[in-house]
Amino acid sequence: MPTLDRQDAVFVLDLGDGENRFHPDWIASVNAALGEVEKAEGPRALVTAATGKFYSNGLDLDWLAAHSDDRQDYVTAVHALFARLLSLPVITVAALQGHTFAAGAMFSLAHDFRLMRADRGFWCLPEADIDIPFTPGMSALIQSRLTPRTAHHAMVSARRFGGQEAAAAGIVDQATDEATLRTAALELARTHAGKAGDTLGTIKTRMYAPVLTLLRDTTNPLG
Amino acid sequence: MPTLDRQDAVFVLDLGDGENRFHPDWIASVNAALGEVEKAEGPRALVTAATGKFYSNGLDLDWLAAHSDDRQDYVTAVHALFARLLSLPVITVAALQGHTFAAGAMFSLAHDFRLMRADRGFWCLPEADIDIPFTPGMSALIQSRLTPRTAHHAMVSARRFGGQEAAAAGIVDQATDEATLRTAALELARTHAGKAGDTLGTIKTRMYAPVLTLLRDTTNPLG
Amino acid sequence: MPTLDRQDAVFVLDLGDGENRFHPDWIASVNAALGEVEKAEGPRALVTAATGKFYSNGLDLDWLAAHSDDRQDYVTAVHALFARLLSLPVITVAALQGHTFAAGAMFSLAHDFRLMRADRGFWCLPEADIDIPFTPGMSALIQSRLTPRTAHHAMVSARRFGGQEAAAAGIVDQATDEATLRTAALELARTHAGKAGDTLGTIKTRMYAPVLTLLRDTTNPLG
Numbered sequence: 001m002p003t004l005d006r007q008d009a010v011f012v013l014d015l016g017d018g019e020n021r022f023h024p025d026w027i028a029s030v031n032a033a034l035g036e037v038e039k040a041e042g043p044r045a046l047v048t049a050a051t052g053k054f055y056s057n058g059l060d061l062d063w064l065a066a067h068s069d070d071r072q073d074y075v076t077a078v079h080a081l082f083a084r085l086l087s088l089p090v091i092t093v094a095a096l097q098g099h100t101f102a103a104g105a106m107f108s109l110a111h112d113f114r115l116m117r118a119d120r121g122f123w124c125l126p127e128a129d130i131d132i133p134f135t136p137g138m139s140a141l142i143q144s145r146l147t148p149r150t151a152h153h154a155m156v157s158a159r160r161f162g163g164q165e166a167a168a169a170g171i172v173d174q175a176t177d178e179a180t181l182r183t184a185a186l187e188l189a190r191t192h193a194g195k196a197g198d199t200l201g202t203i204k205t206r207m208y209a210p211v212l213t214l215l216r217d218t219t220n221p222l223g
Numbered sequence: 001m002p003t004l005d006r007q008d009a010v011f012v013l014d015l016g017d018g019e020n021r022f023h024p025d026w027i028a029s030v031n032a033a034l035g036e037v038e039k040a041e042g043p044r045a046l047v048t049a050a051t052g053k054f055y056s057n058g059l060d061l062d063w064l065a066a067h068s069d070d071r072q073d074y075v076t077a078v079h080a081l082f083a084r085l086l087s088l089p090v091i092t093v094a095a096l097q098g099h100t101f102a103a104g105a106m107f108s109l110a111h112d113f114r115l116m117r118a119d120r121g122f123w124c125l126p127e128a129d130i131d132i133p134f135t136p137g138m139s140a141l142i143q144s145r146l147t148p149r150t151a152h153h154a155m156v157s158a159r160r161f162g163g164q165e166a167a168a169a170g171i172v173d174q175a176t177d178e179a180t181l182r183t184a185a186l187e188l189a190r191t192h193a194g195k196a197g198d199t200l201g202t203i204k205t206r207m208y209a210p211v212l213t214l215l216r217d218t219t220n221p222l223g
Numbered sequence: 001m002p003t004l005d006r007q008d009a010v011f012v013l014d015l016g017d018g019e020n021r022f023h024p025d026w027i028a029s030v031n032a033a034l035g036e037v038e039k040a041e042g043p044r045a046l047v048t049a050a051t052g053k054f055y056s057n058g059l060d061l062d063w064l065a066a067h068s069d070d071r072q073d074y075v076t077a078v079h080a081l082f083a084r085l086l087s088l089p090v091i092t093v094a095a096l097q098g099h100t101f102a103a104g105a106m107f108s109l110a111h112d113f114r115l116m117r118a119d120r121g122f123w124c125l126p127e128a129d130i131d132i133p134f135t136p137g138m139s140a141l142i143q144s145r146l147t148p149r150t151a152h153h154a155m156v157s158a159r160r161f162g163g164q165e166a167a168a169a170g171i172v173d174q175a176t177d178e179a180t181l182r183t184a185a186l187e188l189a190r191t192h193a194g195k196a197g198d199t200l201g202t203i204k205t206r207m208y209a210p211v212l213t214l215l216r217d218t219t220n221p222l223g
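Protein chains in written order, with full-length UniProt numbering: chain W, 1 to 223; chain P, 1 to 223; chain R, 1 to 223.
Incorrect hints may have been included.
[Claimed, not checked] Computed from the model, here is a short list of chain P residues facing chain R with C-beta under 7 Å:
(1) 131
(2) 133
(3) 134
(4) 139
(5) 147
(6) 148
(7) 149
(8) 155
(9) 156
(10) 167
(11) 170
Treat the hints as calculated values from the structure; they're not laboratory data. Glycine included, every Cβ here is placed at the ideal spot set by N, Cα and C.
Construct the complete structure from the given sequences, taking the supplied hints into account.
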């Protein structure tokens with residue numbers, strides 16, 4: 001399960017050491033952590049990270065198969081998590097040490113910055129291959145953070161981007177070796193800790209107003 | 001006139017060996033071909049190509065001058081063709097072997113991927129020079145597939161992009177030599193033939209929802 | 001104060017030799033100059049430039065502090081200036097010889113092209129640091145001209161981009177040495193003087209319709 005730690009001004013949210021899929025308990029735990037970061041005061045920033053082969057593999061498809069009646073509520077909760085992270089009033093940095101797939105990849109796009117391990121692991125939107133269309137909110141989130149060409153390529157071809165390719169395509173800001181990944185993420189977050197506050201929250205909220213509207217639409221999240 | 005051929009999973013639509021302008025008969029023929037691709041079943045993809053100096057020079061201005069009363073219906077039909085291609089439920093690849101101008105360039109942008117001959121031929125939106133403003137639907141289509149800077153540059157300056165420049169600007173995905181252009185397009189299409197189906201159609205339809213709405217607006221297509 | 005000069009087909013608007021902040025008199029003077037360019041006939045283009053260490057430092061915060069009751073009218077006037085420049089029916093080129101900050105940076109983004117001195121001066125959106133959120137109109141303007149990644153980076157991190165970095169990030173079209181900056185801007189403008197006219201105005205107006213709507217919203221410009 002996710003755990004929140006603090007190193008001076010920087011909160012570090014470890015998403016787990018498994019596939020870190022979005023089980024309802026996992027979502028509740030990440031929400032609680034984001035709530036702590038929000039309500040803290042003074043200079044602060046957030047790094048999300050994980051341990052092992054995966055950053056996150058996205059939706060918990062096993063849980064979803066066993067709770068198909070809850071599909072709409074579940075997607076609403078995932079959307080709300082994306083919206084909260086996308087508009088968080090502190091600088092957020094994702095340290096992608098392993099596979100970052102599907103809703104896990106979208107979660108990474110809701111951060112201000114992304115660093116990715118260069119030598120192993122893929123960033124991938126496999127939806128076109130696994131027959132799960134992006135919801136309108138997910139589509140808008142992805143398209144709001146990537147160039148049209150990269151968004152189109154990633155969304156229709158399900159291409160798996162290694163760290164160097166992801167950096168070249170502008171999906172991540174930098175590809176680094178594994179040893180320096182977390183240090184670099186912490187340092188980047190620390191640099192921008194002083195920006196935490198309402199102004200930053202307003203800036204992000206206005207930038208992504210149409211995306212947030214779609215992600216917070218609870219009446220028809222599946223489109 | 002356009003002809004549709006099939007090589008295993010890949011349909012090849014040859015747009016013609018002239019200027020391949022959008023005469024009403026040409027539009028009807030391309031529509032019929034897209035209909036065949038849509039209604040086919042199983043893995044499949046589409047390559048569009050042409051023979052000679054032109055991929056397509058766009059609107060049939062001679063026909064339009066002789067049928068000025070039909071201007072609105074004509075533009076509505078062109079818009080509908082763009083919308084159909086943009087949301088086609090199979091992967092589409094344009095092999096640009098020659099000049100790709102104006103509505104021909106927009107037609108190329110409605111594909112999933114574009115390959116272009118490196119040594120000859122230009123991709124160009126000459127509208128600013130020939131005093132034909134882009135319709136709102138055309139403008140939205142172009143802007144949805146290019147970076148803001150490339151779209152602005154191409155649309156206000158009427159610059160002619162050679163293959164290498166078009167690749168550097170992200171207008172096309174790759175510039176290749178003439179000998180390998182069609183082979184590369186076929187191979188790319190073949191790779192993605194398994195993605196054909198409703199999910200892919202839904203993904204594209206949601207990505208470009210605002211563009212499709214403008215392109216399918218039959219009440220005031222000219223803006 | 002700004003002065004308008006003409007060299008053959010190219011109008012040159014010098015924004016001043018100070019910080020060139022948006023005092024109401026400065027805004028009126030720039031508006032008058034744009035009006036002259038608009039009402040002139042025949043081939044023409046516009047270069048904006050300045051003298052000294054600054055291209056423009058943006059809003060006149062001293063004046064605003066002394067006239068806080070006029071805040072909404074003032075922002076409405078700044079928005080209107082951006083909208084007018086963004087849709088001007090002639091090609092516009094900004095020659096950034098010095099610091100280009102905040103609303104000065106947004107003013108530069110409303111041009112068709114930007115050239116920037118390579119060795120000194122920064123392009124920067126410091127709003128996140130100085131606790132002034134972008135208005136919805138300003139946010140839309142910036143996001144309409146930059147890639148999602150560059151816009152996000154510039155808007156949340158307040159990074160100062162030197163000329164080379166600004167060119168690499170696609171903020172400016174070219175970084176040049178100081179000696180050739182104005183000559184290059186004049187030459188680029190001259191090349192496109194023949195495009196002046198209604199078609200170009202319509203092209204820009206349609207491309208940026210949603211941005212212009214926000215910038216011309218006089219009821220709630222502050223969001």
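Hints and how they fare:
1. With 7 Å as the threshold, the beta carbon of residue 131 (chain P) comes within range of chain R, its nearest partner Cβ sitting at about 5 Å, so the hint holds.
2. With a cut of 7 Å, the hint placing residue 133 (chain P) at the interface with chain R holds, because the nearest CB-to-CB distance is about 4 Å.
3. Nearest Cβ of chain R to the Cβ of residue 134 (chain P): about 6 Å, under the 7 Å cut. The hint holds.
4. Satisfaction of the interface hint for residue 139 (chain P) is found here, the shortest Cβ-Cβ separation to chain R being roughly 5 Å, below the 7 Å cut-off.
5. Given the 7 Å rule on beta carbons, the hint for residue 147 (chain P) holds: about 5 Å separates it from the nearest Cβ of chain R.
6. Interface restraint check: residue 148 (chain P) against chain R, minimum CB-CB distance 5 Å, threshold 7 Å, status holds.
7. Nearest Cβ of chain R to the Cβ of residue 149 (chain P): about 5 Å, under the 7 Å cut. The hint holds.
8. The closest approach between the C-beta of residue 155 (chain P) and any C-beta of chain R is roughly 6 Å, which is under the 7 Å cut-off, so the hint is satisfied.
9. Taking 7 Å as the C-beta contact cut-off toward chain R, the hint placing residue 156 (chain P) at the interface holds, the least distance being around 5 Å.
10. For residue 167 (chain P), the shortest C-beta to C-beta distance to chain R is roughly 16 Å, which exceeds 7 Å, and the interface hint is violated.
11. The interface hint given for residue 170 (chain P) is violated, since its Cβ lies 10 Å from the closest Cβ of chain R, which is over the 7 Å cut-off.
Taken one by one, the earlier hints fail for this structure at numbers 10, 11, listed in ascending order.
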